[in-house]
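Chemist: Each chain, letter by letter, is given below.
2 protein chains.
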Amino acid sequence: MLTRVHHVGIAVVDLDESIELYRAALGAELVHRARNEKDGIEAAFLRTGDGEVELMSATTPDSPVGKFLAKRGPGLHHVAYGVSDIGGALAHARAAGLDLIDSEPRMGMHGSLIAFVHPKSMGGVLTELVQT
Amino acid sequence: MLTRVHHVGIAVVDLDESIELYRAALGAELVHRARNEKDGIEAAFLRTGDGEVELMSATTPDSPVGKFLAKRGPGLHHVAYGVSDIGGALAHARAAGLDLIDSEPRMGMHGSLIAFVHPKSMGGVLTELVQT
Chain A
1 MLTRVHHVGI
11 AVVDLDESIE
21 LYRAALGAEL
31 VHRARNEKDG
41 IEAAFLRTGD
51 GEVELMSATT
61 PDSPVGKFLA
71 KRGPGLHHVA
81 YGVSDIGGAL
91 AHARAAGLDL
101 IDSEPRMGMH
111 GSLIAFVHPK
121 SMGGVLTELV
131 QT
Chain B
1 MLTRVHHVGI
11 AVVDLDESIE
21 LYRAALGAEL
31 VHRARNEKDG
41 IEAAFLRTGD
51 GEVELMSATT
61 PDSPVGKFLA
71 KRGPGLHHVA
81 YGVSDIGGAL
91 AHARAAGLDL
101 IDSEPRMGMH
111 GSLIAFVHPK
121 SMGGVLTELV
131 QT
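Residue numbers (my numbering), protein chains in the order written: chain A, 1 to 132; chain B, 1 to 132.
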């Protein structure tokens, strides 16, 4: 059902500095950068071969990423798995008793269909499904 | 330099329950399970397409994973990127000023060459390089 680890989401304090760190230290190249005022997030997607890192900064302290940074500090925020059929994957997850944040797929910042599973269903891990 | 997101490492309280959760909810199949008494860890590797999840439990409370669980609770622990040349990747990371936990590659639990970069160099993210 899963095709790969699509990306990891990482909460960062300074987006420009973090992009430069991943570029200089790991050779990860920026492929997309977007700002979503509604969710209070600015994100940068960097290519790590056949996978990506999503660096996420808060545009306001009371956004979800802002609250995450205040509570836990910068670091790993979520993991996203690639799926070939997100509708089927969500139905499977629901049947297994998972608590879905998104009961239906929605469009992500990167133009893919995404859905999040609640971390309380996944041992504290905010888990995303992505169909590209 | 990076080939993919090789795996994500997740600290869990109960390894058997967590393996069953990933199998039932995401269709991830167990490929390898190993116990390392020296590091106080029992780990299970599950296939997520062209990537893996490493579920990690503590065999003693004073092990690194045990301390992580006590401090932060279960959840995302580290991310590992595949590299084609781990020696070159480490030299590159060192030249970029990263603080390496492993200055030389060592054998991981899964039979691959691995090296960890200190989270303080990577914005709070414990980062692993893996050459399979």
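Check each hint, because a few of them may be wrong.
For chains that are exact copies, the list does not tell them apart, and a pair is met inside one copy or across any two.
[As the list claims (entries may be wrong)] Here are the simulated DSS-like pairs of lysine-lysine, each with C-alpha atoms no more than 27 Å apart in a straight line:
hint : residue 1 : residue 2
1    : LYS67     : LYS120
2    : LYS38     : LYS71
3    : LYS67     : LYS38
4    : LYS120    : LYS71
Treat the hints as calculated values from the structure; they're not laboratory data.
Chemist: Take the hints in turn and mark each one as holding or not.
Modeler: Cross-check of the supplied hints:
no. : hint            : result
1   : LYS67 to LYS120 : both (17 Å within a copy, 21 Å between copies)
2   : LYS38 to LYS71  : within (21 Å within a copy, 32 Å between copies)
3   : LYS67 to LYS38  : within (15 Å within a copy, 37 Å between copies)
4   : LYS120 to LYS71 : both (17 Å within a copy, 17 Å between copies)
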